[in-house]
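J.: Sequence:
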Amino acid sequence: MASDDIAQLTDALAKTHVGDGELSFRGLGLKLDNAAAAEELVREIEQQPCLRALCLEGNTVGVEAARAMARALESKDTLQRCYWSDMFTGRLRSEIPTALRCLGDALVCAGARLTELDLSDNAFGPDGVRGVERLLKSPSCHTLRELKLNNCGMGVGGGKILAEALMECHRQSTAAGAPLRLRVFVAGRNRLENEGAFALAKAFSLEEVHLPQNGINHAGVVALASAARHNRQLRVLNFNDNTFTKKGTLAMAKALRHLRNLQVVNFGDCLVRSEGAIALAAVLREGLPVLKELNLSFGEITEAAALVVARAVADKPQMEKLDLNGGDPDLRQQPLSGDAPPAGGHEDTAAAPGRTGAFLLIYTLLLSSFIPGDLSLLSPPDAVLTKVISASCFHSYRFLSTLLVMMGLLKAEEKKSPKVSLVPGQLLCLEHAVQQEYFVRTRPGSSRPSCPAKCPQQCVCDQIQLSVACVRKNLTQVPPAVDEITVKLDLRGNDIQELPTGAFRHTPYLTHLSMQRSNIRRVKEGAFRGLGRLVFLNLANNNIEILYQVITHPAGPPPTDSEESFDGLSSLKQLLIDHNRVEEIQPGAFSQLGFLNLLSLTHNQLVYIPNLAFQVSGRCPGPLRGRRLTPSPCCRSASRTGSLFFLQGLQNMKWLRLSHNSLNYLESEALAGLLTLTRLSLDHNELQLPEVTRLDLGYNPMTYLGEESVSMAKVTHLFLDHMSLQDLSNTAVSKCPRLVHLDISFNQLRVIQPFSEGSPKLARLNLAGNPIVCNCYLQPLREWSIRHKVKLMGTCGGPPHMLGENLAAVYPPELRCQSREAMLKAELEEASRMAPPPTEEPENRTKCPVNCVCEAAAHHSSCENGGHTKIPRGFSPDTRLLDLRGNRFHHVPSNSFPGAAQVVSLHLQRSKIVEVEDGAFNGMKGLIYLYLSENDLTSLSPGALKGLPALTYLHLEKNGFTSIPKEAFKLVPSLLALHLEHNAISRLEPGALAGAEGLRALYLTGNAISHLSARALDGVRDLDTLHLGGNKLKEVPTVAMSNLGNLRDLRLSGNLIRWVGPGAFQPLAGSLKELYLDHMVLEKMSERALEGLGPGLRSLFLEGNRLEELPDLHPLSSLEVINLADNPLMCDCPLLPLRLWIEKVNLRVRATCANPPELKGRKVKDVQVFRACP
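Mapping the sequence shown onto UniProt numbering, position 970 (from 1) lands on 970, and the numbers just tick up by one.
Be aware that a few hints might be false.
Here are the computed distance ranges between Cβ atoms for each label pair [unchecked claim]:
#1 G177 <-> W1059: 48 to 56 Å
#2 T174 <-> V108: 14 to 22 Å
#3 T174 <-> E707: 53 to 61 Å
#4 R181 <-> Q574: 46 to 54 Å
Below, computed lysine to aspartate or glutamate pairings styled on EDC-like, alpha-carbon distance capped at 16 Å [what the hints assert, rightly or not]:
#5 K791 <-> D743
#6 K1144 <-> D1166
#7 K316 <-> E293
To be clear, the hints were calculated from the coordinates, so they are not data collected in a lab.
No residue lacks a Cβ here, since even glycine has one placed at the ideal position from N, Cα and C.
Please construct the entire structure, taking both the sequences and the accompanying hints into account.
T.: The following block contains the structure:
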């Protein structure tokens, strides 16, 4: 080391601060490249007898120098505070982790007990966190109170490492009896983002959190909020310059409710937005009693929301600073302590003329919409302001904020807003107003104005969600004391018999209104007037008989606002009037509801729907006046006014529900104008529609026809041609008993199952244009068609030796499935026998690989049973259906299907596949159906289904799976149906279906499942169909199904269940429609086994069991199908409830006696033994 360098170091060390156990080299700019350069510093450390704090900030330390210092620190067991920020300037990033590791190991070796560690401003990245990981996990950090890692560039990876280290430290310290109690955590400007935030959220137990500028958006904020709510000692929360948005702010607002010790909240530049600010204001009003500073600057908060926040903090006794600055120079941060005295210390009475002029100008330009009806613009200024400001808290703030905007003192939310010109006395006018009694309202013990939120005494009010619930409070009228800014009002279960005109005029901001079961008998004209923001209205389960309509007389005047029940609901989207007593709908009843998309009128007393029943009103445009309109009289003249009035359809209506009425007739134009209607429910009526006998749904892009898809009692001809059908349920038309002709031609059907018995009159089935495979899979359909005398129209699409054969001419014995070798031989013979002469290939020939058939018109490509050992390539990019079944691929490598982005259905059945590599289906973004059935798969890797964002139906049946492949479904967000039938799955463990949260149907029939973990199905709460038949279950998996509140179809057939206990299906009480308990070894059912199912259950299958008695079936009032056959029923008095139930219901019940012997084989309903029962 040169003598000049030594002299320079000596001079620097002379400035070293030593005192109170602290050794500081702060800001000396030392460049310590090696051990020699650090020699003097090391000596200082060694000579400090009781070192408690070491500050190396503002220097630069190399690896060798760090090792030299580490040797000196190995004996300093009293060290508690390490100020090591900004000490690697100019160092390679690879050097820093080694240097940190040396210093950290020295502290661990010394047995130091740190209380503060500051490593800020060291750009060491994730690798640097590795350098201190061992230290953070060690006993040296069990006593850590402050950890500062500001501006270290940790990133997501570093955040995860840090979180794991802190959690490990907490685990070890807890095990040692002294849990880690970190109070201050600073990690700003580290780009932690959401994943880093998720990780750190698990490690929080703090008093101060500083995470500014980390690129965290609402998802990460929600995780941090969840963690923060459990840190009841939090004093400082600094998330400046992240991205909260509404979701994150609402989550944080809920967390703040629990933090009574919070003093500083910094959410500046976090885009909390106005709704978030209002949510925070609600929390501020109720909690945070010791808050000193609140920063919501640059959060896109409107002035109205800012005023709400200011009002909320007005009563905070320790409040020192509120920052709502948003870039406008007139919205600066101001201390709240003390009140500014009037200008000049006294009132300037000379300014009165100017003040009056200002008031008149403001009136003229602004106040016309605020002035009450009993005053005018010429009323005295104080009288007007008294009325306006004292009307309500919300109204007064709205007025004041509008006034300030128009004067240019606040920035408007709208891009364009008029401003009042500056005139003498304008600000003096405001000063005068705020000094008057009508302006200032105070709470007891407070000098600051406040407006407490109103809440009716009987109700529960949520100031964050702006909702009010007054459920089952025996109210006889709409409570008038509801806060004006309420958006959701719940009045269910009351006794409000009449809704008068203007019943909700005091709550103009409502968006959701629920009034079920409130005994409402009459809705007067204009009851909902003023609710222009309402989108949801529920009036179900009341006694409403009359809906006032627009047109009261054919020759009357045009409609006015006072003639209609739903006047004012211009934004309404959903209207529910189920379970009332409505007998008739007259034209114009819904004339104001132009945005309505759901109208539900089920379970009423409707008998007739007239023409134009669902029309909205308006005036005929000029060109229509005086002209005759056809075919319906949509316009009529109004002789008194000389104008024309017209009705047009509800142009946004999607679903009209008229089920469970007594409808027996619809006028020919009853549904006229419903141009956007996609679903119409007319079931359970008395309709006689002789003209609706032919239904044409052709040329729609449907791919699947489910159970009972078409339910029309009168239809005789149904056309479903030229669609995209790949499969259809055998009960698709079972609710069409008079169906004679079914046309499903020109679809993509290859195999069809025989139809159920629901259409006994079906005579013709058109299958032309489908690639029907005439082999053993078609045999059941052909046998069914012969047995029921149904004519099949169409030809065979394969195999080659059957190609072109008429379906009606093919008999069941000819439909065989040959071995692959035999089929190949037959194909070769057919080809050699019928080889056509060579012809020139057209220039536009469809691309097609060897041994494949490609149909350009149908967009089908098939290489079925082609002997391929590798996935063929070179298909047309327009291919929609790609059939590769019956080959020998063994494995599917990555990127096997280039250029197949438009393929909708991919068939890989029976292809000897044992492995699907990650990314095998990359690029198939349009794939909906994937068939991997009948292969040799035993597992799927997490990346096997990568690149399939639209995959909806996945078939994995008949493979070798022993468990559900975990993690495999995380990359298929659209998955709805998963087929795993006939595998070797034995258990369902927690997390088995992770990533498949949107799953609707799960098929597990024919496995070896003996146990379902209690949380096995937690991730699939929207499940609609669950098939568990043919497994080894010994009890109903009630606990596992506890969260399946949407399950409609449950099949447990063929299991080993002997006993069904009480409440076995209680978790499914609100949704279950189909229950299969057949062919088990079921011997007994608890009297409460079916408890809760009630009127919702439609089908119950109990055949093929060992039941002698049955529980009471009377609650199952909506059953449509029940099968009790093949049970050894004991026809004695305990079976009397069943006999009484059979007599009551209009169902075919297959129940026969097995005992006593003399009654064996007799139908339960026919035996007389029950007459002797009490």
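J.: Hints first: check each against the structure and report whether it holds.
T.: Quick rundown of the hints versus the structure:
Evaluation of the 48 to 56 Å hint for G177 and W1059 yields a pass: the beta carbon distance comes to about 49 Å. Our hint of 14 to 22 Å for T174 and V108 holds, since their Cβ atoms are close to 19 Å apart. Range check, T174 to E707: Cβ separation about 55 Å, and the 53 to 61 Å hint holds. At about 51 Å, the beta-carbon gap between R181 and Q574 stays in the expected band of 46 to 54 Å.
Restraint check for K791 and D743: the C-alpha separation of about 12 Å stays at or below 16 Å, so the hint holds. Taking the CA atoms of K1144 and D1166, the gap is near 14 Å; set against the 16 Å cutoff, the hint holds. For the hint linking K316 to E293, the alpha-carbon distance of about 10 Å falls within 16 Å, and the restraint holds.
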